[in-house]
Amino acid sequence: AQSVTQLDSQVPVFEEAPVELRCNYSSSVSVYLFWYVQYPNQGLQLLLKYLSGSTLVKGINGFEAEFNKSQTSFHLRKPSVHISDTAEYFCAVSSSNTGKLIFGQGTTLQVKP
Amino acid sequence: DTEVTQTPKHLVMGMTNKKSLKCEQHMGHRAMYWYKQKAKKPPELMFVYSYEKLSINESVPSRFSPECPNSSLLNLHLHALQPEDSALYLCASSQDPGTEQAGNTIYFGEGSWLTVV
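Sequences listed follow chains Y and D, in order. Per the numbering used here, the first sequence starts with residue 1, numbered consecutively. Per the numbering used here, the second sequence starts with residue 1001, numbered consecutively.
Bound-form chain Y, shown alone (with noise of 0.2 Å):
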């Protein structure tokens, strides 16, 4: 069975700070793993994603994320955050059989001036 951890509920940083939210997994198959973002009152956002090839992903809003197999993890960062960063971020795993996503808890990401 497929499993996330994202190891941090809140973290709480400065405005212009560099910040890393963390995520492990746990597969026996292989993974495709999504971050996405919640804006307060919001759907979700899809931030980056990895299905193969360089581990290092970019994505939206100055975000990007490594793929790290040995150490089954895949963390969120950016070197500067903005106010407007402040939002609820989930980590996901796709199931390779039924293309189920499994979240993780979520981490709150809150930014301050």
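If you are wondering where the hints come from, they were derived from the structure by calculation, not from laboratory data. Careful: at least some of the hints might be erroneous.
As the list claims (entries may be wrong) - Taking lysine-lysine and the DSS-like style, the derived pairs with C-alpha atoms no more than 30 Å apart in a straight line are:
{"#": "1", "chain 1": "D", "residue 1": "Lys1009", "chain 2": "D", "residue 2": "Lys1019"}
{"#": "2", "chain 1": "D", "residue 1": "Lys1041", "chain 2": "Y", "residue 2": "Lys100"}
{"#": "3", "chain 1": "Y", "residue 1": "Lys100", "chain 2": "D", "residue 2": "Lys1038"}
{"#": "4", "chain 1": "D", "residue 1": "Lys1036", "chain 2": "D", "residue 2": "Lys1009"}
Use these hints to put chain D onto chain Y, whose structure you have.
For chain D alone, coordinates are given in the frame of chain Y:
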């Protein structure tokens, strides 16, 4: 264009009412989904339609009844709901479910906020 459109955005209904949530996508996707999301929690899968046929029902109570009239439309019919069913209901679509082909990303709509009183 990666748009999934949901209506209504907000819905308040009584426990004896019958209402429907609607979802539309024009990306040519052949898989459509309903998710339920409670506050501060990840979305929970309810139903998956693949090529207009129900392929996954995650043991959802029968007071929720999905319908897929065609490949672009997905409805969720609601009847005799309970207050605990109040949540954000998210519709989503993807090119195809269960494929290992690159690009099978699930795209979400903005959601319908449902309050049951």
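Evaluated hints:
{"no.": "1", "hint": "Lys1009(D) / Lys1019(D)", "verdict": "holds, 13 Å"}
{"no.": "2", "hint": "Lys1041(D) / Lys100(Y)", "verdict": "holds, 17 Å"}
{"no.": "3", "hint": "Lys100(Y) / Lys1038(D)", "verdict": "holds, 19 Å"}
{"no.": "4", "hint": "Lys1036(D) / Lys1009(D)", "verdict": "holds, 14 Å"}
Checked against the numbered hints listed earlier, the structure breaks none of them; every hint is satisfied.
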